[in-house]
Amino acid sequence: MAPDTQSDTGATERFEDVEWDELGGLGFPRRTQALVVATVAYAAAVAYDLFVTDDAVLSGTNWLFVLTLLVGAFFVAWPLAENRRLTAYYWRRFKRNRAAVVSAAYLVVVFVVGTLGPLVLTEPELNILAAYQPPVYLSVDSAVPTTCVGQTADGLCHGTWQYPLGTTSDGKGIAKLVVFGMRVSMQVGLVTMLIVVSIGTAVGTSAAYFSGLVDELLMRYVDIQQTFPTFFLFLIVTYLFKPSLFLLITIFGFLGWGGIARLVRSEALQRREESYIRAAENAGASDGWIIRRHLMPNVSNTVITAATLLIPSFILFEATFAFLGLTDPATPSWGQVIASGRGDLDGAWWIATIPGVFLFFTVLAFNFVGDALRDALDPRSEGDA
Amino acid sequence: MSMHWYVARRVAWAVVATYLILTITFGLLAVAPGDGQTAFAFEAATEGGDVDEARETFDEITGRDEPLLTRYTNYMVNMATLNWGWSFTRNQSVMDALAAAYPYSLMYAVPATFISIVFGYAIGLYSATHQYTLTDYLGTFTAFFGISVPNFWFGIMLILVFAVDLGWLPSYYQTGRGVWTLANAKQLVLPVVVLSTGAIAGNMRYSRAEALEYVHADFVKTARAKGADDWRVLVRHIFRPALVPLMTILVADILGLLFAGAYITEVVFQIPGLGLLSYKAIIQQDTALVMATTLVPVFIAIVGNLVQDIAYTVLDPRIDYGDR
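The listed protein sequences correspond, in order, to chains H and P.
Those letters in the first sequence? Residues 1 to 385, by the numbering used here.
Those letters in the second sequence? Residues 1001 to 1324, by the numbering used here.
It is worth saying that the hints were derived from the structure and are not from the lab.
Since this is a predicted model, take the numbers as computed values, not measurements.
Honestly, I wouldn't trust all of these hints.
As the list claims (entries may be wrong) - Some chain P residues well away from chain H (every beta-carbon gap over 10 Å; in silico):
{"hint": "1", "residue": "T1129"}
{"hint": "2", "residue": "F1145"}
{"hint": "3", "residue": "L1243"}
{"hint": "4", "residue": "Q1308"}
Unchecked claim - Which stretches of chain P does chain H cover? Using the computed rule of at least three CB atoms under 8 Å from a CB of chain H, they are:
{"hint": "5", "region": "1018-1030"}
{"hint": "6", "region": "1147-1161"}
As the list claims (entries may be wrong) - Not everything, but these chain P residues come out facing chain H in the computed CB check (under 8 Å):
{"hint": "7", "residue": "V1164"}
{"hint": "8", "residue": "N1305"}
{"hint": "9", "residue": "V1307"}
Even glycine gets a Cβ: it sits at the ideal position worked out from N, Cα and C.
Work the whole structure out from these sequences, hints included.
Pasting the structure below:
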């Protein structure tokens, strides 16, 4: 970066004269230091939760979610903030797709509300007296709710701001349920994606880099894993064991990375033949170094795109299983609310409709963003769709 | 590698995969805490029987008191000889239950598959050859809608609009209306629409992307230069090479989509097919039936993948058999 400035000050400066401390020192960069601190703090907190206290501070799913946020901060947000020019370049390309920008904004709202909302709000409560309240500004025949919280006029029960999106058949506010559902959807989507991407990338790059027997063994295993449809595997497992969000994330995370591994492998096979890898090999870099510093960063664009497109499928799976009643009934989730409103389509149409709208738009937004990311991050996809 | 050798190896692999899956399922069954014994005992207790006796009977029927290896051998032999056990909630053999259920699944899955292939490919090819037109954008939008809309919610919304509000179609499936009758056709409309929407979107995206690779290919330009009309170019020069990779996607993805989607569709519309059978078995803790109804789609997926790979070698003479 500095050949110009050096030639300005004269080419007499020698290696041993460089003031390394002024240039930031020989120590680790700040990001690495912060990463080490964060990792240690996280591990200590988890250990404390596991071994010291009896009452859990956070559930397993929540711990995984915190981990996902940490990884996201260190490996996505921080590098983007450091490389301003690259970020601006990606943003310019991403911005071209207006639907994706709107989608991204919507997802940020869902993410923030879903992460912070459940910390502030109390869990939605059962309240038989407030059952079947219509959403605000809407009204329903006053025969539908047993008692109307809002005003009754001309035989119509009007919605109130107390329950902006109405209530379910047991009087839980749908607005609150939607917020709690955001958390579940975000957790399932992001945590599962992190597991899938970590394992898939590690396996894919290793298979491509080591080739031979390692490749054969890993990819044969992927073949087996891909044969078993995860949907039905999860059905069997929930049937045999107690279903929970944690189980769902684990099953889909640890058995769903086959596709990513194949994708990364084929991408890394092409990268492996590039001259910079050969150069690193000749310079004596170790296998681990080459994989971490040269192979992985160069397949990361493919991975990020594929990961974004995986998130909606995990969200849909969770919603589907919640709808079927095959997840933990204590976790309020969109699918569950939709299921509870299924029997009341005649009178209370909003119970099944509203959470579904949020679910649909969340999935749609992830698909839009993933599509735009593919266009923005992949330099080879210039021009065509 | 010759093609015969490849096919033989591929078939052997399917057998190995089946064997592995059965073994894994057996392992899960062996370590699982709740595998229907409690439900069976409960059933006996409600009918006035003795609980402990019922537990013993259950162990005897399922052979749980025998050593693990014997159980494993029995399990495998039973699986191979299609002796898949007894459904105690339905009081019939699992095979009979499956045989009674699958026609209902076919009734809506076959039309849905057909529709999704025809419409998906047609729209996809049209989009590819008419890129950046209004129709193309409309098609892309439809695809996004199709892959994003949750099947079960879409089904409920269709019921809300077409059954509850408009009253045009029945809101759930009723048996005993014949097969080739108008009443049956009417109650199958919504399930077919729900199931094919997602599949159309998938097919459309793939076929558009595949066709785009050939739209600007040299041989297509040559064909145009020689005066071939649009239809001929589309069918003979774009669709034919695109068909090979589409085959690959078709079997595996459609099977997966249809099976997972069909499960939900049957529960939403109460169609007494394989999906609803499986769902009820899970709710009622009927282990033999749960296993059978979840393994059937898995086996179909294995066979589907096999057929697809073999079809690929037959269709594409350029294929390298050493490659995965």
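Verification of the hints:
1. In this structure T1129/P is separated from chain H by more than 10 Å, as the shortest Cβ-Cβ distance comes to about 13 Å.
2. Look at F1145/P: its CB is around 8 Å from the nearest CB on chain H, not clear of 10 Å, so calling it non-interface is violated.
3. Distance check for L1243/P against chain H: the nearest CB is about 20 Å away, which clears 10 Å, and the non-interface claim stands.
4. Every CB of chain H is more than 10 Å from the CB of Q1308/P (nearest about 12 Å), matching its label as outside the interface.
5. Residue count for the region 1018-1030 of chain P with a Cβ under 8 Å from a Cβ of chain H: 6. That meets the three needed, and the coverage hint holds.
6. Only residues whose beta carbon comes within less than 8 Å of a beta carbon in chain H count, and the region 1147-1161 of chain P has 11; three or more means the coverage holds.
7. Because the smallest distance between the Cβ of V1164/P and any Cβ of chain H comes to about 5 Å, under 8 Å, the interface hint for this residue holds.
8. Of the supplied interface hints, the one on N1305/P holds, with its beta-carbon coming within about 7 Å of a beta-carbon of chain H, less than 8 Å.
9. The beta carbon of V1307/P comes no nearer than 14 Å to any beta carbon in chain H, farther than 8 Å, and the hint placing it at the interface is violated.
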